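Between the sequences and the hints, there should be enough to build the whole structure, so can you do that?
These protein sequences, in sequence, are chains P and D.
At position 123 of the first sequence (counting the first as 1) the number is 123 in the UniProt record's numbering, and the numbers step up by one without a gap.
At position 222 of the second sequence (counting the first as 1) the number is 222 in the UniProt record's numbering, and the numbers step up by one without a gap.
Just so you know, these hints were derived from the structure itself, not from any lab.
One or more hints might be untrue.
Which copy is meant is left open, so a pair is good if it fits within one copy or across any two.
[Claimed, not checked] 30 Å max Cα-Cα, derived DSSO-like pairs, lysine-lysine: (1) Lys177 x Lys93; (2) Lys227 x Lys54; (3) Lys30 x Lys154; (4) Lys231 x Lys37; (5) Lys177 x Lys241; (6) Lys177 x Lys54; (7) Lys218 x Lys231; (8) Lys154 x Lys164; (9) Lys177 x Lys141; (10) Lys164 x Lys177.
Keep in mind that this is a model prediction, so the values were computed, not measured.
The chain contents come next:
2 protein chains.
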Amino acid sequence: MRNIMIKTEYDGTNYNGWQIQPNGITIQQKVMEAVKKLTGEDVTINGSGRTDAKVHARGQVANFYTQTTIPIERIPSAINHFLPEDITILEAKEVAMDFHARYWAQGKVYSYQVYNQRQRSALLRNYSYHFPYQLELDRIKEAAEVLLGTHDFKGFMSSGSSVKTTVRSIYAIKIEKGENSIWMTFEGNGFLYNMVRIIVGTLLEVGSGRRSIETIKKALELGDREKAGHKAPPQGLFLDKVFYPLTH
Amino acid sequence: MRNIMIKTEYDGTNYNGWQIQPNGITIQQKVMEAVKKLTGEDVTINGSGRTDAKVHARGQVANFYTQTTIPIERIPSAINHFLPEDITILEAKEVAMDFHARYWAQGKVYSYQVYNQRQRSALLRNYSYHFPYQLELDRIKEAAEVLLGTHDFKGFMSSGSSVKTTVRSIYAIKIEKGENSIWMTFEGNGFLYNMVRIIVGTLLEVGSGRRSIETIKKALELGDREKAGHKAPPQGLFLDKVFYPLTH
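In C-alpha cells, the structure reads:
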C-alpha cells in the first residue's frame, strides 16, 4: 500500500464545492472517480479541508491510499487524463503512511480578488468580487492589522460547522493593488467556516468608508457575527497553499 | 444623431468570434441586440476588426449611430444591463460623426498568454496556451527582434482574408515571465489574419529549440506560410488596445 499526496488546482465555478454530497457535483467526487478509472480502486480522497461552491484552488492538498504501482512522477498526468479540464493534479508525492491531508495541515494561504472598477469585468466575472466603490487602501491595511495574530474569530464565522475552538491565528495579511483589482492574501494556522469571506467583506466596508476600524475590534471582542461585515461572494476566493511539517 | 464609441471587454470562450455570421453566436450580435433592447433601434456596431472564436478582448473598440438621448456617462451601464455577463462595455464616448472604429484605427496591442508548466492549468484553461516544453526566454527575445519593424508578413498570415497589402509594422514586442506563464505583447499598426498567433507559435518553436532564428528571416523573405511556425491556439490571445488619432 502507498500513501499518495496530491496538490490540485481547480476552477470551482461549475462545482458544488470540494466535499462529496448527495446533491450536485463536487471536486472530491471527480478526483475519486478519476482515481477509480485509473487504478480500479475505490479510494477515499482526504482533502485538507472543504472549499465552498464556486471557490477555486491553486494548491488544495489531498491524500489517498492505493495499491497501484504507477511511478510517482507519472501519477499527475495519469489522473489528469481522467479528470475534466477544470480540475488538474499539479504534483504527486509519496508520503508516510500516517500522513493525512487534513489532520497534518499546519496552515493555509487563501487569496481573494476584488475587482474594483465601475463596470463589471467579463473576463474576471468568475474569479473576482465586483466591488465598484472607491477604496482607501491605507484604511484597509490599518484594519487588517487589527485582525493579525491570535484571536477568537467567532464573530467572523458562519454557523453550520462544528469546531472545538474558534480561536485562530492569522500570521500575515497582504493587501496588493493590481491594475483593476485588489488582491488580499491571508496566511494563518487555520480558518473557520467562511472566515476569509467575512473578513474580506468587513475590510471592504472599512475601505469604502462605511465602517470604522473600531467596529472590527468590537466584533472580535463580542464574538458576534452581526457585528462583522457582509460575507464576500465565493468566486473571488482561492485556496493557494496548505502547509505541512517540513518532514513531509 | 450621435456617434458613440464604446470600449468593450469580452470572454471569447463561448462565442464564434466578434463578427456576425449565419452560424453561431457572436459578440457583435450580442452588442447589437443589447443596443436594440435599450434604444429600440437597429444599429450596426462597427468593430475595430474581427477577433476569432475563443479570442478575448480587454479593449475592443466599436462605434454606432443612435438617436438616443441617454447621457453618455450612463451608456455603459445601460447597455451592460442587456448584455450577458461575459461581455461588458467599459467606457463610452461621444465622437465626431465621421469616426469609424475600423477605418480610423491606427494601431493595436495584442497580448498572448503561454502557460508554461508541465501539467495543464484548470484556472487558465480558457485563457492560455498550455505549452509544457522548456523555453529559453533569451532566444525568444532575440527571435522577436527579427520581427520588429516594417516587413511583408505574408508568410505569417492564414489564407482566407483579402487585404490590399501584407506589409505591416510591429512597433514593440514584450516578452515577460510571470509565475507560471509567459506573456507576449505585440504593438503594431495592424495585424494580418492570424498573424499574432502564427508569430507566437513560431517564437515558441524557437524558444523550445525546435527552430533556428534564421528560419524566421527565411519565412519573412520568402513570404511562405509553410516556412513559419504553427498557429498558436485562439484562447491565449487578448485584444488589449486599439489606438486612434489623438483628436478622438
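ask   = What hint numbers does the structure not satisfy?
value = Structure breaks hints 3, 4 and 10.
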